[in-house]
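2 protein chains.
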Amino acid sequence: MGRASKREEVAQAAFRQFHARGFNATGISDITTAAGVPKGSFYNHFASKDESALEALRRYGESLRFEMLTAPGRPPLERLRAHFAFLGRDTVENGFVRGCLVGNFGAEVADHNEQIRDAVKDGFDQWAARIRQVLAEAQDAGDLNDALDPDATALFILSAWEGALIAARADKSAAPVDAFFRTVFDVLLH
Amino acid sequence: MGRASKREEVAQAAFRQFHARGFNATGISDITTAAGVPKGSFYNHFASKDESALEALRRYGESLRFEMLTAPGRPPLERLRAHFAFLGRDTVENGFVRGCLVGNFGAEVADHNEQIRDAVKDGFDQWAARIRQVLAEAQDAGDLNDALDPDATALFILSAWEGALIAARADKSAAPVDAFFRTVFDVLLH
Chain A
0 MGRASKREEV AQAAFRQFHA RGFNATGISD ITTAAGVPKG SFYNHFASKD
50 ESALEALRRY GESLRFEMLT APGRPPLERL RAHFAFLGRD TVENGFVRGC
100 LVGNFGAEVA DHNEQIRDAV KDGFDQWAAR IRQVLAEAQD AGDLNDALDP
150 DATALFILSA WEGALIAARA DKSAAPVDAF FRTVFDVLLH
Chain B
0 MGRASKREEV AQAAFRQFHA RGFNATGISD ITTAAGVPKG SFYNHFASKD
50 ESALEALRRY GESLRFEMLT APGRPPLERL RAHFAFLGRD TVENGFVRGC
100 LVGNFGAEVA DHNEQIRDAV KDGFDQWAAR IRQVLAEAQD AGDLNDALDP
150 DATALFILSA WEGALIAARA DKSAAPVDAF FRTVFDVLLH
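These protein sequence lines map, in sequence, to chains A and B. Quick note on numbering that gives the first Met the number 0: the first sequence kicks off at 0 and runs consecutively. Quick note on numbering that gives the first Met the number 0: the second sequence kicks off at 0 and runs consecutively.
Chain A extracted, bound-state conformation:
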């Protein structure tokens, strides 16, 4: 139990540090200091910084509440809007920092680390597949133009979300997130 909870603390600290600082700016000692454990103990729990970054990506994925996309009793496009509204609220409430860990690692690390690139790719693929499923349901329900290609549109919406978070961090304002909602839900999927 002692070891398991220590690993949990180190994993959680790694997730927070990678999300707040980025991959390269996060040292092992940042993680162990944040977790309140000796620096050397990091390697009792993770074989490498890379391995803790992969675990951070898994934890980030779990924080995205994808179950909102499949919640019963709600029209598909309302579920999609609620999903991004939840993510958008997080960004606004945190003062427009940190963004999306998948996108951050994609921008900073994917070119240089094949294992992390694979995990980022998987993260995007699974996310886009979930969005695609909602769009296909909306088409089946007659709520969305059948001429839209669900695969391309899902990938596009996810890209637009990733970019909107980066622009919001630069602008320290919700304007890019507002432009996302306005264009995706009032124009593209209207």
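Each pair may be met inside one copy or between any two copies, as identical chains are not told apart.
Computed cross-link-like contacts, BS3-like style, restricted to lysine-lysine with a CA-CA straight-line distance of at most 30 angstroms:
hint	residue 1	residue 2
1	K38	K5
2	K5	K48
3	K38	K48
No lab work stands behind these hints: they were computed from the structure. The model shown is predicted, which means the values in this text are computed figures rather than measured ones.
Take the given structure of chain A and dock chain B to it, following the hints.
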């Protein structure tokens, strides 16, 4: 002339290193080694790594060939497509690496460095304003639905582009860039 050309070499090397490696993974010695100058000579040309990063952002902006957006004799939306087609070709030909320096610094550095955040914000603002101008011209020419808000749409298109480049780097494929063209030009602006 000696000093001016050395500064040019150091500035160009800094631009290339920041674009290829990112901000935090680029050390002064990476820049001076790439430029073929002694490490200590960096500070003859730049007061700090930050200052060379700001210069890199300026150089990146100049490489985007914004004049394509105002080229006479071409319909506005064709100019917009040509602009992104030029940028997309660059990404495909380079094997889906590096992405956009403005977006990269936005994702990696903006939260932690106010000067670089300002420069990223300016970069996005100026880019979005140029796209906005093209959209307004298309509306004036009757080529684009007047109901689209040019400000929000421009900001959205730029965000979508930034995200598409990150997804293309993760996927090592043109699929996210193709989805961008298909959705922006065949659906959103159609």
